[in-house]
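There are 2 protein chains.
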Amino acid sequence: MPSEHNFDLPRPRPLLIVISGPSGVGKDTVIQRMKERGLPFHFVVTATTRPKRPNEVDGKDYIFVSKEEFARMIEADELIEYAIVYGDYKGPPKTKVREALASGQDVILRLDVQGAETIRKLAPEALLIFLTTESEDELVRRLETRKTETAEELKLRIATARKELQRIEAFDYVIVNHDFHLDETVDTIRAIIEAEHHRVKPRQVTL
Amino acid sequence: MPSEHNFDLPRPRPLLIVISGPSGVGKDTVIQRMKERGLPFHFVVTATTRPKRPNEVDGKDYIFVSKEEFARMIEADELIEYAIVYGDYKGPPKTKVREALASGQDVILRLDVQGAETIRKLAPEALLIFLTTESEDELVRRLETRKTETAEELKLRIATARKELQRIEAFDYVIVNHDFHLDETVDTIRAIIEAEHHRVKPRQVTL
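Quick note, the sequences are listed as chains A and B, same order. Going by my numbering, the first residue of the first sequence is number 392, and it counts up by one from there. Going by my numbering, the first residue of the second sequence is number 392, and it counts up by one from there.
Read the hints as simulated data drawn from the structure, not as lab findings. One or more of the hints may lead you astray.
One copy or two, either will do: identical chains are not told apart, so a pair holds if it fits within one copy or between any two.
Straight-line C-alpha distance at most 30 Å; calculated BS3-like pairs for lysine-lysine [stated by the list, open to error]:
#	residue 1	residue 2
1	Lys592	Lys418
2	Lys538	Lys592
3	Lys485	Lys538
4	Lys512	Lys592
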């Protein structure tokens, strides 16, 4: 009823939500499940130099660019951050995040721990969620199951994970992503987002 | 598996949750519904000087005390805060809140806005939730429906509510308690509590 004198309540603003955590913790699986469940979030599409696979759609799964184009994007400071994954470059374009925030929807970004720390500097009011396993042994088991790492790589990933756990203070929330409890993790992410929308002092994300 | 090397994750601690808001907003109804739904929270029992009604149980619904005993509790600083409601005294005993926190459960306290501000001073890490209506007109309608106020009292309550809305900054979260959407309000409270249990820096309540 527009004629009513509404109380001047804080207005929820779109959030910039970063899903992060050590390699092997299940970031992609969690985001995949969020998409499957049709949650009303805007998932940022990442630019990559890796070749498109037959089932992938350019602009939907990834933005497929040449190494030259990616180099240009780095030079022009067009990426939030970038990482080299198995020899290929990967990074979310700033314009994509800005467009998403402008649409009014909450924006979900998947980043490794270093990338999340970069976001904290670029957009201090971003909401950073750290996914972890309960124990180191569990993380090792998951990495071993992937069978994508050599013994040396595995050692490197574990050492990295240990260091990353020490940087958890840069994050707002931490969720233990239990095996076979994917939906619990997704529910907790939703609860965090709902709670954040009721903050008396909403986060003001600028990028 | 106790033999595993667990990550040193932040441990969730019991929260002290204050449900507050202007008179007429529906605090009691919300808490009543939380109890009906059997949520795993500890609801603090308030001491009162008003006579026990036939259906009430001493120590469960309220702690029924004489005015002399209540005066002694005030003198001995045994109450979190107290208020006079229709000539009777009402206030939650500190020991009850301490016992509840020690049990490890999240503790729910229902307080008026002034009481919530007192808690903020006593226990800065308490979680304060402000319930409100969307508009002033809606609050007036609810107060009128109660038919417990005279025209003058109603004016006083509205003036108080306006002032209270201006003190919303002292609170952590705000929820619009829509008519006929009681369960939505309860769900939001649950989401807030779940989110808070995943904070990297848990609230440390001492009282």
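Each hint tested on the structure:
1. For a Cα distance limit of 30 Å, the shortest separation of lysine 592 from lysine 418 qualifies both inside one copy, at 28 Å, and across copies, at 22 Å.
2. With identical chains, the CA atoms of lysine 538 and lysine 592 are never at most 30 Å apart, being 45 Å at best within one copy and 35 Å at best between copies.
3. Taking CA atoms no more than 30 Å apart as the test, lysine 485 paired with lysine 538 passes in neither setting, with 33 Å inside one copy and 56 Å between copies.
4. Proximity of lysine 512 to lysine 592 under the C-alpha cut-off of 30 Å is found in both arrangements, the shortest distances being 20 Å within a copy and 19 Å between copies.
Of the numbered hints given earlier, the model fails hints 2 and 3; all others are met.
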